[in-house]
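Asks: What follows is each chain in one-letter form.
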Amino acid sequence: MDDRKLDSLLKTGKIQADRFFAGWDPQLQPQQLQARHREQKLTKSWLPVWKWKPVFLAVGILLLVCLSVYLPDTTEPSPPVNTTVPSYGFNATGYESYYPIIDLLLAEDFAFQGELVLKDGVLVGEGPGGMVTRIIPYQLNPYGDLVLGADRVLLQVGEELLLVGVNLPYYVELSTGDYYLKKINERGIGYISETRFSVHRPGEDLLQLIPRSDPAKRRTIYVKVIH
Amino acid sequence: MMAEDSRSEQLEYLMRRFRHKVLKIAYYHVRDRYQAEDIAQEVFFRVYQKLDSFRGDSSYYTWIYRITVNLCKDYLRSAYFRRMIPWGEFRLVDNLKQREERMFQRVEGGEIFQKVMALPLKYRTVTALYYFEEMSTAEIAEILHVKENVVRTRLHRARKILREIFTRGEAAYGRPQTGQFIENG
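Note that the protein sequences, when read in sequence, are chains A and B. Residue numbers -13 to 213, in my numbering, belong to the letters of the first sequence in order. Residue numbers 4 to 188, in my numbering, belong to the letters of the second sequence in order.
Treat each hint with caution, since some may be false.
[Claimed, not checked] Here are the simulated lysine-lysine pairs, BS3-like style, with alpha carbons at most 27 Å apart: (1) LYS0/A / LYS53/B; (2) LYS(-9)/A / LYS163/B; (3) LYS76/B / LYS150/B; (4) LYS76/B / LYS0/A; (5) LYS168/A / LYS210/A; (6) LYS203/A / LYS105/A; (7) LYS24/B / LYS125/B; (8) LYS125/B / LYS(-9)/A; (9) LYS125/B / LYS0/A; (10) LYS53/B / LYS24/B; (11) LYS163/B / LYS76/B; (12) LYS150/B / LYS0/A; (13) LYS163/B / LYS150/B; (14) LYS(-3)/A / LYS125/B; (15) LYS105/A / LYS125/B; (16) LYS76/B / LYS53/B; (17) LYS150/B / LYS(-3)/A; (18) LYS(-3)/A / LYS24/B; (19) LYS24/B / LYS76/B.
Calculated directly from the structure, the hints in this document are not laboratory data.
All chains should be modelled from the sequences, with the hints used to inform the complete structure.
Replies: This is the structure we're talking about:
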């Protein structure tokens, strides 16, 4: 496709955008904003925090002085404190990686609950139930070549493998030997597709990703499953 | 300090003048009409709050659009947004599906618009602002708070991706259907 053709399509896109936005004219209410502003102002004036700062500071110092006078001097070490840091809510969107395809996946506003680490191009997620999922994102680059986060993955029996196609969901077929890797779900919506596999026995399998436009450009992911 | 009446008039003027663009910029970021409306409300609330402190270093135009972009970024980083795409059990896809339906429910024959909207954030914002809103690269750079050459690079990459997507569309559906894009548009 040459530049002129692309420009022409984008002009059409502008017409479509204009039509889309023309049918959308929500009425923003200035009165509501003013009322909210007045309300907030009232709350602020009720408690001007900066005025109380010196008082808080003085009370704090006084408390510290009192504690240092009355607390018994002890040389015994404190018992270790056992803290559990919840690992949920890992902000994957802030994750930095050297893998452009993973950056792209995360740039697509993906976010994960649970722990998430990057190992050799594979995102390893541990969900709240302890289920480990190894995630390999893939994409077709502008030249029609498949770009994979990783081309080999090691799983343990019971773990799941999730392939996430970014941006080009319907252009790649996945094929396996279907013996060690069992496809348990496949869905695609918009610019994302997900294919989930489970593994139930140790062994080795090859997972093929075949671009429909050019099957010769297929890529293979070597999968090894251990106990 | 401005008199209250004057502030109100000014707010109403700014809302009349800029609300459409603010809504569009927000939509290009979050791709959700309802969320874009919420963001637009918040933008003008901030504007109203800071009218007194607006020093005129930049134009209202730049000032308001920058507030919009910052609020969009905050939203995309927010815990609320992250919860909307939960992990596991394919709720992620279900949730995305609902959001996509909301996103595009009013699109009529908007395949090209949809394809641009399906680009990753950094490419779709520059593409939409440049081609749909007809902003210059300098203007886009100013409101997105990036250098102009970054905008140009992103536009270049976005064009490459779109060219590839449209070419595939041609291959998959045949040339008459690509022509149909234009006719429908």
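Asks: For the pair supplied as a hint, LYS(-3)/A and LYS125/B, is the alpha-carbon distance within the 27 Å limit?
Replies: holds (20 Å)
Asks: Has the given pair, LYS168/A with LYS210/A, been kept, meaning a C-alpha gap of at most 27 Å?
Replies: holds (13 Å)
Asks: Next pair to validate is LYS(-3)/A with LYS24/B; report whether the Cα-Cα distance is within 27 Å.
Replies: holds (18 Å)
Asks: Assess, step by step, whether the Cα of LYS163/B is no farther than 27 Å from the Cα of LYS150/B, and give holds or violated.
Replies: Given that 27 Å is the threshold and the Cα spacing comes to 20 Å, the pair holds.
Asks: Given the hint that LYS76/B pairs with LYS53/B, test it: the Cα-Cα distance must not exceed 27 Å.
Replies: holds (20 Å)
Asks: Under the criterion that the straight-line Cα-Cα distance not exceed 27 Å, is the pair LYS125/B, LYS0/A satisfied?
Replies: holds (18 Å)
Asks: Is the Cα-Cα distance between LYS150/B and LYS(-3)/A 27 Å or less?
Replies: At roughly 25 Å apart (the allowed maximum being 27 Å), LYS(-3)/A and LYS150/B satisfy the hint.
Asks: Tell me if the straight-line CA distance from LYS76/B to LYS0/A falls inside 27 Å.
Replies: holds (24 Å)
Asks: Has the given pair, LYS53/B with LYS24/B, been kept, meaning a C-alpha gap of at most 27 Å?
Replies: Holds, at about 20 Å.
Asks: CA of LYS76/B to CA of LYS150/B, is that 27 Å or under?
Replies: holds (17 Å)
Asks: Need the status of pair LYS125/B, LYS(-9)/A: alpha-carbon distance at most 27 Å?
Replies: holds (23 Å)
Asks: Regarding the pair LYS105/A and LYS125/B, is the alpha-carbon distance no greater than 27 Å?
Replies: holds (26 Å)
Of the numbered hints listed earlier, the single one contradicted by the structure is hint 1.
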